[in-house]
Each structure stands twice: as structure tokens, then as C-alpha cells.
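Grab the two chains, each in its own frame, and use the hints to assemble them into the complex.
One line per chain: the protein sequences are A and B, in this order.
Residue numbers for the first sequence follow my numbering, so the first one is 18 and each next one is one higher.
Residue numbers for the second sequence follow my numbering, so the first one is 56 and each next one is one higher.
What the hints contain is simulated information worked out from the structure, not anything from laboratory work.
All of these numbers come straight from a predicted model, not from anything done at the bench.
Heads up, the beta-carbon is just placed ideally off N, CA and C, and yes, glycines get one too.
Any given hint could turn out to be false.
Computed spacing ranges between beta-carbons, pair by pair [as the list claims (entries may be wrong)]: (1) Thr139(B) with Glu120(A): 21 to 27 Å; (2) Ile60(A) with Leu128(B): 27 to 33 Å; (3) Ser59(B) with Gly29(A): 54 to 60 Å; (4) Val84(B) with Gln198(A): 40 to 46 Å; (5) Gly154(B) with Ser103(A): 51 to 57 Å; (6) Asp97(B) with Arg129(A): 40 to 46 Å; (7) Thr193(A) with Ser59(B): 38 to 44 Å; (8) Pro112(B) with Pro68(A): 34 to 40 Å; (9) Ser103(A) with Gly119(B): 28 to 34 Å.
Chain A side only, calculated, beta carbon under 8 Å to chain B, not exhaustive [as the list claims (entries may be wrong)]: (10) Thr73; (11) Ala77; (12) Phe81; (13) Asp83; (14) Arg129; (15) Glu180.
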Amino acid sequence: MPVIRLLLWVLGGTLLGGVVHLASVLVLPRLATQDAYSRLSSITRTNTITPLPAPTPENALMPFMDPAFATAVCRYDLSSGPLKFSVPISPAYTSVSFYTRSEVAYYAINDRSAGRRVIELELMTVNSETNLPGDEEITAADRLIVESPTTTGLVLVKALAPEFGLLPTARNVLTTARCQQQ
Amino acid sequence: MVLSGTTPQARYWTVTLYDPQGSLVANSVQRYGFTSQEIIRDQDGTFELTVGPRARPGNWLPTGAIERYVLVLRLYDTPIGVATRSGRDAPMPAIAQRGCR
Numbered sequence: 018m019p020v021i022r023l024l025l026w027v028l029g030g031t032l033l034g035g036v037v038h039l040a041s042v043l044v045l046p047r048l049a050t051q052d053a054y055s056r057l058s059s060i061t062r063t064n065t066i067t068p069l070p071a072p073t074p075e076n077a078l079m080p081f082m083d084p085a086f087a088t089a090v091c092r093y094d095l096s097s098g099p100l101k102f103s104v105p106i107s108p109a110y111t112s113v114s115f116y117t118r119s120e121v122a123y124y125a126i127n128d129r130s131a132g133r134r135v136i137e138l139e140l141m142t143v144n145s146e147t148n149l150p151g152d153e154e155i156t157a158a159d160r161l162i163v164e165s166p167t168t169t170g171l172v173l174v175k176a177l178a179p180e181f182g183l184l185p186t187a188r189n190v191l192t193t194a195r196c197q198q199q
Numbered sequence: 056m057v058l059s060g061t062t063p064q065a066r067y068w069t070v071t072l073y074d075p076q077g078s079l080v081a082n083s084v085q086r087y088g089f090t091s092q093e094i095i096r097d098q099d100g101t102f103e104l105t106v107g108p109r110a111r112p113g114n115w116l117p118t119g120a121i122e123r124y125v126l127v128l129r130l131y132d133t134p135i136g137v138a139t140r141s142g143r144d145a146p147m148p149a150i151a152q153r154g155c156r
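Just chain B, with the same shape it has in the complex (with noise of 0.2 Å):
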């Protein structure tokens, strides 16, 4: 699963990979999501974060063992809101499945 893109506007945002009861996954990295502070981006601010069992080079969030899961995006200080018309006020990343290489 890919995450690509970019978000709506906001102070910090974070992305975080659980199951689907809540906790988190756990895996020999520790890494469990990216802030927007640590995500790699490209030169034109976009980021691409790969979800996946098998290491990848650039973001990379580890599933482990697990098939189900659930991506939390948070953003924090933002002026969108539960009324914001989506489109060009709160531009989502884009979520695809890529197959296994």
C-alpha cells in the first residue's frame, strides 16, 4: 500500500500505522508512524510512504506479521474541519496498492 501526495494544510500532522483494535504494530524497527517533520519529501514537498511487510527504501512503515490494519493521518492546527468541502481546501494523499516485488 502506497501513501502519496500531500495534505491539507496544518501546523504538524502524523501518520500512524494500528490494528484494528488500536494497538500498535509491533516490529524490530519501532517505528510505528512518521510526523511531518520526519517524512521524507520530495522537491516539490510531496511525500511517498510505503505501508508493507518488506523493507523499502525511502518511508516505510512496517505491517509485520499482520494482513488488516489502520492508517491514522492526524493533523494538528489545522483550518479544515469536519465542514470543509474537499478538493482544493483539503487536498488527501492518495492511497494505491503496489504489488509485491
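Okay, chain A solo, but in the shape it has when bound (with noise of 0.2 Å):
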């Protein structure tokens, strides 16, 4: 019967509306041109610690940045090989937290759970990891290693001034943290 037809056209035509919906949210974030990561290449190199501009009201690199903390990037590339990271510790509390290229969150750490003065780690791929030769004199349980779902992403590190006059203290130990391959 023609409604019948008709309603079942508008039916499918409602549910491929959905389908064609769902499917371009679910892929908006990573056709995202103004995303973190992009935000930062033009202003980084890869594999080296950039220091990032202090948040002000005319210009802030990214939105909603916290203004009491110096901030440093490493936008890292792992096809070449592993990347060894160091920060010094901050007399407050520093956090390094790393970020896959579509800026989703994997691992952090920060200054106590470091447990030392400085805190060092080995960032590499999966495939990196599994090559690691097994008979090292160091093995890898004595060095901390993160593994990186993506090639590529970002390593963020805060270092947080507790007044505001000890931002440049907060900022001169970011100068000392170190991201190369090696």
C-alpha cells in the first residue's frame, strides 16, 4: 500500500541520516585543523623541548591554559627511533603528561611519583619496545619506559609557580628538561 511505501522510505532515508550523523561526529576530532597538535607545529620542531608562551588575555596559544604554570612541549616523531626525556624536578610540583597525535591522554607523571631529582624516561613505539634486545646489561625493569600508541603526539610538561613571582624560577627549570632520540 502506497503509505505504507512511503513510510518505510522515510524510515530509511531517517536511518541513513543517522548513520551519515553519527559516522561525521565520531570523525570531526581528527579532521580537526585547530586541534592541539596543529596549534603546535607551527611554532615547534619535533623531537626538541620548546618552551610555550605564558597565557594573556590578547593571546594565548591554546584556550583555557592555567596561568599559574610554565609550560614546555616536546612534539615527538618515533619513526627514527626512541626518544630519551629528562626534566628536572620544580620546588612545587612539575607534571609530564603524554598526549597520541590525536591528542588523547595515555600516561603522566609527576614529581613524587618520579621519587627522584629528575625525572627520566624512554618514550617509544610498541614496535620499539618489543625489539629492545632481551641479554642488555641494563634491563628495562630499571629504566622507566612509555609506550606510545601513536608515532607521533606530544609530551607536555608543567612546572607550577605558587606565587606569581616565582614564574621565572618555574620557567628557568624547564630550560634544563632535555627530549632527543638517542
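In C-alpha cells:
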């Protein structure tokens, strides 16, 4: 009957529209051109630590940056091998967080969990880790190895300045952070 | 707008004022937020933070000319998480609106 047929067409169209809508919403973050990685690509080189400018009302690199922190970023690319990363502890609070290419956080460590005066770790992809020689003198258990799900991504280092006047101290701590290929 | 009380336990926390797009709010005293170390507290450890266009004694976050804003409280190195049941474990500060005087 024509009414039923019309209803079926309408239903089919609605379902198709729903699927297209769902798919495009899920894909959207990957197509974003103003995501953090893209914003940082223009001012950073790969596999080096770059201090980020402090946010001001006129000019902030990313929205909702915390003005009480000195921030530095290492935009990493593990295609040519693992990366060695180290940052000294700042007097108040230091945190290091790791993000995939699509800004999903997969690991974080702060100065308390590090337990020493320097946070030191190696960053590698899953493939590199399985290729680590098994008979090394220093085994994998002695060093902190972070596995990155993607080949490129971001390491964000933040040092807190508990009072406004301590911001230069926090920035100085970050200048000695290292992010380099071995 | 007045933020008062205590925050959940954390090694440090910061409260920052933003406009709805995520930029800091320009003001003449260049104050954009408070850290847990900077904020002035009462004897029992609670604090009171006033958010508004006119200067107030005590802790004051200037909103300048904007009417809509976002206050972000960030807790660093804290035992609470998304799964913490609110209440005793995560005492949040109270927000109240006070009239202009």
C-alpha cells in the first residue's frame, strides 16, 4: 500500500541520515585543523623541548591554559627510533603528560611518583619495545619506558609557580628539560 | 559571585577566570586566578573569593566588562577522581550570588 511504502522510505532515509550524522561526529576530532598538535606544529620542531609562551588575555596558544604554570612541549616523532626524555624537578610541582596525535592522554607522571630529583624516561612505540635486546646489562626494569600508541604525539611538561613571583624560577627549570633521540 | 569554603584535598590547586572562549580576562591589576598558596584564608582554613567587576577586600577576581565567564578549579596531585563519590570525600566550595553594594 502506498502509505506503508512512503513510511518505509521515510524510515530508511532517517536511518541513513542517523548513520551519516553519527559517523561524521565521530570522525570530526581527527579532521580538526585547530587541535593542539596543529597549533603547536607551527612554533615547534619535532623532538626538541620548546617552552610555550605564557597565556595573556590578548594572546593564548590554546584555550584554558593555566596562568600559574610554566609550560613546555616536546612534539615527538618516533619514526626514527626511541626518545630519551628528562626534566629536573621544580621546587613546587612538576608534571609530565603524554598525548597521542589525536590528543588522547595515555600516560602522566608527576614529581612525586618520580621519586628522584630528575624525571627520566624513554619514549618508544610498541614495535620498538618488542625489539629491545633481551640480554642487555641494564634491563628494562631499571628504567622507565613509556609506550606511545601513535608514532607522533605531544609531551607536555608543566611546572607550577605557587606564587606569581616564582614564575621565572619555574621557567628556568624547564629550560634544562631534554627531549632527544638516542 | 562568591566562592567560599574548602576544596577537596590536593597538593596544589588553582582557580582561574576565563571568558566563554577560554581566554583570560584583561584587567588593570593583571590578576587572572589564584593558587592554593596565594589565596588568603580564614583561621579555619576556609577561603572566600569574590568574582566581580568592582574591587573588594580580600580575594577578588576581576571580571572587567564581561558578563559571562567560566571559573575553572584545577586540583593537582589529588586522590579524588571522576569516580569519587561526592560528599565527605570531595568537599567542593559553595557558590553564591551576592548583590552589588
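Here is what the structure says about each hint:
Taking the beta carbon of each, Thr139(B) and Glu120(A) are about 25 Å apart, inside 21 to 27 Å as hinted. Taking the beta carbon of each, Ile60(A) and Leu128(B) are about 29 Å apart, inside 27 to 33 Å as hinted. Our hint of 54 to 60 Å for Ser59(B) and Gly29(A) holds, since their Cβ atoms are close to 57 Å apart. A C-beta distance of roughly 45 Å is found between Val84(B) and Gln198(A), which places it inside the suggested range of 40 to 46 Å.
In this structure the hint that Gly154(B) and Ser103(A) lie 51 to 57 Å apart at CB holds, the actual value being about 54 Å. A C-beta distance of roughly 28 Å is found between Asp97(B) and Arg129(A), which places it outside the suggested range of 40 to 46 Å. Checked against the hint of 38 to 44 Å, the pair Thr193(A) and Ser59(B) passes, with Cβ atoms roughly 40 Å apart. For the pair Pro112(B) and Pro68(A), the supplied restraint of 34 to 40 Å holds, since their beta-carbon distance comes to about 36 Å.
Judged by the Cβ atoms, the range 28 to 34 Å given for Ser103(A) and Gly119(B) is violated: they are separated by roughly 41 Å. Checking Thr73(A) against chain B by beta carbon gives a least distance of about 7 Å; that is within 8 Å, so the hint holds. A distance limit of 8 Å between C-beta atoms decides the matter here; for Ala77(A) the minimum to chain B is near 6 Å, and the interface restraint holds. About 4 Å separates the beta-carbon of Phe81(A) from the nearest beta-carbon of chain B, less than 8 Å, and the hint is met.
A least Cβ separation of about 6 Å between Asp83(A) and chain B falls short of the 8 Å threshold, and the interface hint therefore holds. With its C-beta approaching chain B no nearer than about 6 Å, Arg129(A) sits inside the 8 Å limit, and its interface hint holds. A least Cβ separation of about 5 Å between Glu180(A) and chain B falls short of the 8 Å threshold, and the interface hint therefore holds.
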